[in-house]
Amino acid sequence: MDRFERQSFLGPNSTKVLRNSTVGLIGLGGGGSHEVQQMAHLGVGGYVLVDPDTIDWTNTNRLVGGTLGDVECKRPKVHIAERVIRGLQPDARIKVVQGCWETELEELKRCDIILGAVDSYVARDQIERFCRRFLIPYIDIGMDVLALGDDQGYLISGQVILSSPGGPCLWCCGFLDEEKLSKEAAKYGGAGGRPQVVWPNGVLASTAVGLLVQLICPWHSRTTDFTYLVYDGNRGTVTPSPWMAALQNRSCPHFPASEVGDPGFDVRTLNAKRTAKGPSNSIGSPPSAATRPIWWRRMLSFERK
Amino acid sequence: MDAAHGLRTNMVDALLERGASNPSVAPNFGRSSEICAMRVRFKIPVRLLAEIREDLRRPHRFAHERVGFIVAGLASYTDGVLVLARAYRPVDDGDYLHAPSVGAMMGPDAIRKAQEFALFKGEAIFHVHSHGGSGLPGFSGVDLRENAKFVPDFLKVAPQYIHGAIVLSDDSATGQFWQSRSGRPETIDGFVEVGSPLRKWGRHGQV
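So the protein lines, in turn, are chains A and B. Be aware that the first sequence starts at 1, since it is given in our numbering, and climbs by one per residue. Be aware that the second sequence starts at 306, since it is given in our numbering, and climbs by one per residue.
Certain hints may be false.
Okay, derived cross-link-like pairs now, BS3-like style, lysine-lysine, Cα gap no bigger than 27 Å in a straight line [said to hold, decoys possible]:
no. : chain 1 : residue 1 : chain 2 : residue 2
1   : A       : Lys273    : B       : Lys461
2   : B       : Lys505    : A       : Lys95
3   : A       : Lys95     : A       : Lys74
4   : A       : Lys95     : A       : Lys16
5   : A       : Lys273    : A       : Lys95
6   : B       : Lys505    : A       : Lys16
7   : B       : Lys426    : A       : Lys273
Calculated from the structure, these hints are not laboratory results.
Take the sequences, apply the hints, and build the full model.
In structure tokens:
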């Protein structure tokens, strides 16, 4: 029996399309861990998993897949995510990056879609800039808990935004602006841990994964390349932001098409590097058993030196 | 599709001399035997692709079909090179030549203008036309012959890029590219239509 039988309404080729897709996930904490889990269930075949951190006690209230044993051994979040995926898809194509996303740009460039679950506005801005330059749709999620004042408690809020190349961006819809970035820069180093809980992350991540599936395996005809959904955790609603209707079918003035691509690209330099390295499939891989010298030949070659 | 290859102007030749020098590159580089096979993925926004198909459907006063150029940025990635479509430059109505035996024949001005995009704006150039219909299209014999005549000349003005040609159907595309003037054309491995929906296909069909 096909394990994807119950999602066949996603299209006759959906299993193949999902398996051939490669998704970049930047941030594998509360939001990203939900996203990874759902994509593994769906059968997404390729992953570039990026997070510099290891799990700690304060993550265990929300990091899906993380265990107390992982905390004991200070397991990197990327390895927890990889374990979750391998449990459902042993043959998934996974590139694990325990570090900052800026260190693995070549890997991220080959992603079909990138999902960001990061804390800062600056990081969102930079990830979106990267995605625009290399024509990659970007889906951003984020949540916040705000004190309402006058003993009224707290408001849980959040957003899910799909930003596609050419369409409206995080700046077009007002989610990013200079004031937010400069305020964040002023607080740099003193922000401390912000409140985070598991269920709003689940709502936001599920909504983001829904947008991703809608992009690659649309199950209806009224899809759109720009989405801005607002989560109100107190009312329990996810509603379209007014920006969605206002910006539909608009183009983006912030990221002109002329800036697409790498300005320093030179195929001759690239070929010179590739020629020096040899065939690409041998880079970084150990010699196969067929080509590895047997022990006595290795001895001979050692003695000759 | 056809191109009036032999009618290049002196201006173009002058431009070629300027673009051809690059001190960081070995003088003998570019010989086809030294160049490894390269995987190339062509990415284009849905909105741009729709604009191109719409423009290519416009009737011309005498040509049987329309042609144009996709200008693109390039980037390396783990598997090879990404061609990232930036914009579409239709061939001006006055730059077609009378040639009833082929679908459309570009005059020298059309090629010169495209070469200027490559030289002055730093863009890779991909000639584009459409065969209509559905499914994976293929270049005709005339397409292949004419592509080989004029596309490698873009490497004279912008040897740092790859250049090529694309043929569209109403729901798919096929392409070839050159990375050296003396080399043979190579096939574009995959296409990605970026937008909603996001569609990918390759030389082995829809994925």
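Here is what the structure says about each hint:
Taking the CA atoms of Lys273 of chain A and Lys461 of chain B, the gap is near 22 Å; set against the 27 Å cutoff, the hint holds. Between the alpha carbons of Lys505 of chain B and Lys95 of chain A the distance comes to roughly 21 Å, so the proposed pair stays at or under 27 Å and holds. About 20 Å separates the Cα atoms of Lys95 of chain A and Lys74 of chain A, which keeps this hinted pair within 27 Å; it holds. Of the pairs offered as hints, the one joining Lys95 of chain A and Lys16 of chain A holds, with about 20 Å between alpha carbons and a cut-off of 27 Å not exceeded.
A distance of roughly 22 Å separates the Cα atoms of Lys273 of chain A and Lys95 of chain A; the hinted pair therefore holds under the 27 Å criterion. In summary, the hint linking Lys505 of chain B to Lys16 of chain A is supported, as the alpha carbons are separated by about 11 Å, within the 27 Å threshold. In summary, the hint linking Lys426 of chain B to Lys273 of chain A is supported, as the alpha carbons are separated by about 26 Å, within the 27 Å threshold.
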